[in-house]
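J.: Sequence:
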Amino acid sequence: MNGKKRNWLQGIREWRIPGYWNTSSRVKFLLYAVLGLCMYSLLMGSVLPERYDVKVGSISPETIVAPVDRIDQVATEQAKKEAARAVPRQYKTDEQVTDEQVEKINRLFLDARRNAEDDSLSEEERVENIRDRQPFDLSDETLKRLARISADELVQTQSTTRNIVQDVMNGGVDESGLEEARNRVDQQLVTADLGSDARFVAREVARQAIVTNVVYDEARTAAMREAAAESVEPVRINRGDTIVYEGEEVSEQQYRQLKELGLLNESGRLWPYIGLTIFIMLLLAFLYFSIDQVKQDLHRDNTRLLMLVMILFINTAGMKIVSLGQSVEFSSVGYAAPVALGSMLIAILIDVRLALFTGVIFSAVAAVLFNVEGSGLFDYRFGFVTLIMCSAAAFALAGARYRSSVLQAGVVAAAVSIAPITAMQMLTGGGFRWQEFLTSIGFGVGGGFLAAVLTIGLLPFFEAAFSILSPMKLIELSNPNQPLLRKLLIEAPGTYHHSVIVGNLAESAAEAIGADGLLARVGAFYHDLGKTKRPQFFIENQVNSENPHDKISPHLSKTIIINHTRDGVDILREANIPKPIQDIAAQHHGTTLLKYFYHKAVKLDDSGQVLEEDFRYPGPKAQFKESAIVGIADSVEAAVRSISRPTPSRIEALVHKIIQDRLEDGQFDECDLTLKELDTIAKSMLETLQGTFHHRIEYPDDSEDKGAKHA
1 MNGKKRNWLQ GIREWRIPGY WNTSSRVKFL LYAVLGLCMY SLLMGSVLPE RYDVKVGSIS
61 PETIVAPVDR IDQVATEQAK KEAARAVPRQ YKTDEQVTDE QVEKINRLFL DARRNAEDDS
121 LSEEERVENI RDRQPFDLSD ETLKRLARIS ADELVQTQST TRNIVQDVMN GGVDESGLEE
181 ARNRVDQQLV TADLGSDARF VAREVARQAI VTNVVYDEAR TAAMREAAAE SVEPVRINRG
241 DTIVYEGEEV SEQQYRQLKE LGLLNESGRL WPYIGLTIFI MLLLAFLYFS IDQVKQDLHR
301 DNTRLLMLVM ILFINTAGMK IVSLGQSVEF SSVGYAAPVA LGSMLIAILI DVRLALFTGV
361 IFSAVAAVLF NVEGSGLFDY RFGFVTLIMC SAAAFALAGA RYRSSVLQAG VVAAAVSIAP
421 ITAMQMLTGG GFRWQEFLTS IGFGVGGGFL AAVLTIGLLP FFEAAFSILS PMKLIELSNP
481 NQPLLRKLLI EAPGTYHHSV IVGNLAESAA EAIGADGLLA RVGAFYHDLG KTKRPQFFIE
541 NQVNSENPHD KISPHLSKTI IINHTRDGVD ILREANIPKP IQDIAAQHHG TTLLKYFYHK
601 AVKLDDSGQV LEEDFRYPGP KAQFKESAIV GIADSVEAAV RSISRPTPSR IEALVHKIIQ
661 DRLEDGQFDE CDLTLKELDT IAKSMLETLQ GTFHHRIEYP DDSEDKGAKH A
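Each residue of the sequence shown is one higher than the one before, counting from 1 in UniProt numbering.
Rather than coming from a laboratory, the hints here were simulated on the basis of the structure.
These numbers were taken from a predicted model, which means no experiment stands behind them.
Backbone N, C-alpha and C define an ideal beta-carbon position, used for all residues, glycine too.
Taking lysine to any residue and the SDA-like style, the derived pairs with C-alpha atoms no more than 20 Å apart in a straight line are:
1. K259 <-> I71
2. K80 <-> R433
3. K28 <-> D301
4. K295 <-> F466
5. K683 <-> H656
6. K487 <-> I571
7. K104 <-> L143
8. K92 <-> V211
9. K80 <-> A223
10. K579 <-> P620
11. K144 <-> R133
12. K579 <-> Q482
13. K551 <-> F537
14. K144 <-> R131
15. K80 <-> E218
Restraint ranges, calculated between C-beta atoms of paired labels, are given here:
16. P460 <-> E82: 53 to 59 Å
17. P460 <-> R566: 26 to 32 Å
18. E141 <-> E82: 57 to 63 Å
19. A398 <-> V97: 47 to 53 Å
20. G275 <-> E82: 40 to 46 Å
21. L37 <-> P618: 47 to 53 Å
22. E652 <-> R573: 36 to 42 Å
23. V65 <-> R401: 56 to 62 Å
Work out the full structure: start from the sequences and follow the hints.
T.: If you want it as structure tokens, here you go:
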């Protein structure tokens, strides 16, 4: 199954390669046309062609029947209010009061036990000690009896008293039943196994501890009134019911019902469709110029433009599906649509700024799709909430690097939705309806989370199908459990360790100059993957073993070493690793010279026929900053490990020499690294280099080639 999936995705990649497809203006026009047709078909059902231009007191030109089931909102709301008013106030037991009284009992008996255990105190002293600290207003007689009770019996007395008070107060005590509740103490003490003093004390303490703990339960009252209101059967206008007959004068009630059904203010059948066509064309024009302003290269890559079209269609289709479940009973269900899905995907896969612009498109679409009230083509409430949620999600994903960021963006979108939904509820006429408000909030929060979940589910598809290297994909590739990294660890552990350190150096350096640190780090993890073909020929993998290069010619050694870049690219391509990672593997050595083997060949060949070009990597040179940085970090890590005494001054000199040598060798000619950025890279790597490095052969003079003998 995985093989079939890989072949299918590989087929998509191969299909997108032809230059004509990526640059053709006709293909670009076709993509916009397809998007327009798809959006038109999805929005068409929300444009109602049959609406009537009638007013209260006018004569109906024809018999009008209800095309769908609707609820008479005014009559239903009035019935709900009456049902809510009929629910009496509710009360509850305040458990905190009970807990406070029990705590007082515990403190009283704790002090009494401490006094009882102190044999040096007289009875009068014990009484005074308890009197000063008692939480109740106990009589002198009670205090004297309490002072005479032994420590052991005090434990039982405390337990009995506490249990009685809890039992009585847990049932609720109000003002009218307070005396009756206190009288229950005597009934419960009948079966208590206590002495006379203990029984007397338990009775007095319990009676004083029992207080009123019944309070007005506002939440329960509101819930019951809400439940009563919700239990009211809606006053329905059933499909097929005649609202007004032809020639009949339209009454105020009939006019209201026509409005509920969305049958007002329409002068013709074709105008809405023409208007929808113009509406779609305006959205497409807005999209075109938005791309032209913030992401021009998208218009030069029709494959990525296709991806954008797919995202826009998926987001609109998702909104359409949710709108099908919208009705009067669930008029706010539109808030549950994953409207931020498209903005999240675009922010991650393309550009945050473009995601903000497409949020405007999604808001306009939402205003049309979720127009359940039938008061016009647009419902500004859903449009405004959609715009805010999409914008919040896009901003939340700016610079996002981890998959958890998608969930965080969903949380942000869900939380932010509360404010505009509240504002829309307050701006809507007819009063503030709490049930509708809370339902809308619930749908809005759910829509934010749903968008995040769908984004996480769809992201791998778009990454694989369109070879997009998103931050989330980079994080996935950096997982040590990735098959290729496990292969590197098992087959070439020294190279694996080297790659991890190179990744740390490259990431910090890239971030220091504003490049993509995550791409640099992950690219470094895979840059030497080709060494797994012949790991024993690379010195970091030669643990307590002979160096095979000592037994072969420098020309053969050169061939083996140079081939590791090509082998790495082949392995990465076979595993469908995104192209930027392949490029780093191919470019990190550029066209640098294998100086060690070159000089060795020169010494062994007296004819002088050894050509320097034969001992250079085939390239290409670094084409982008991250690739160049990985190349620098690769040489720096290898060279520093070869120093016998890596002092800060020696490391600093070595790092600067490596960068200078590469600069003079023209290795940065094809990437846009500046001299200032190279200096920043050097400083960053010097700060990162710490710890003890395993020993490598220290080469005589050529710093660039130090440690790179077999790397």
